[in-house]
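Peer 1: Build the full structure now, drawing on both the sequences and the hints.
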Amino acid sequence: MPPRFISFDDAWRWFSDGGDPVPVAEQRERFTAGRAQFIAFQTPLGGLPVADAIEALQDELADIGGIELMPRDALHISVRGVGFQVIAKTRPDDVARAEVPRIGERAAAVFAATPPIDAVLGPLNVLTEAVIVEVHDGGRLGELRARLDAAAPGDALAPDASGYLPHATVAWFRDASGAAELRRRLAALRERVLPPVQLRRVELARWWFTGDDPAATPDRETLRSYLLSG
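When we follow numbering that gives the first Met the number 0, the leftmost residue of the sequence shown carries the number 0, and every step to the right adds one.
Hints in this document: simulated from the structure, not taken from any laboratory.
Keep in mind that the hints are not guaranteed to be accurate.
What the hints assert, rightly or not - Derived DEER-like restraints, expressed as beta-carbon distance ranges:
{"#": "1", "residue 1": "R191", "residue 2": "P91", "range": "33 to 43 Å"}
{"#": "2", "residue 1": "E104", "residue 2": "R12", "range": "37 to 47 Å"}
{"#": "3", "residue 1": "Y163", "residue 2": "R200", "range": "16 to 26 Å"}
Glycine included, each C-beta is placed from N, C-alpha and C at the ideal position.
Peer 2: The structure is reproduced here in structure tokens:
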């Protein structure tokens, strides 16, 4: 099984010491287990000035083999996964189609009572299947996740026992062929300072894990958009 990290330092130590990335196709096969529609709360970044700085970092990585860059319009910070939308629930991380609107409605009250979140992005880091920028927000996104859990109807949200390290994915690994070159470049790129960001919007999004290329960025649609206005 791929390693699980309890901190960003833990992740960087693993990669800088020679850890091999996992091809995203393998990770997605385990994650989806044949399902297609994943529902999640996320904060979009593509329309914010910080996306320019993320694109500049991507330009520095674009010629490295074995990676797939995240498109600007898909840049986001995951807040809380809801689960895989299905007709009939058979797994703990399934969510029934009829539950999604109720989850979205209860979340609206949570977001309306939450002030915008100030965050600092960076430095670059590596998780098992992706190159990321770390997100440091003083724990505010973690608190928001807890309030979403408390507001969800029954056990509607999929269980989430993994440690939450807020981040924005910059690129996926198609394979590990560029790992050595990435290690060499990231030593300097981790010094790059990104502008601070204020997160004001959250989306309830559906990601479609379908298509001929299992390593490509999944299609995404926004089901509902919220403003943090507390």
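Peer 1: Does each hint fit the structure? Answer for all of them.
Peer 2: Okay, the hints, checked on the actual structure:
{"no.": "1", "hint": "R191 <-> P91: 33 to 43 Å", "result": "holds, 39 Å"}
{"no.": "2", "hint": "E104 <-> R12: 37 to 47 Å", "result": "holds, 42 Å"}
{"no.": "3", "hint": "Y163 <-> R200: 16 to 26 Å", "result": "holds, 20 Å"}
Checked against the numbered hints above, the structure violates none of them.
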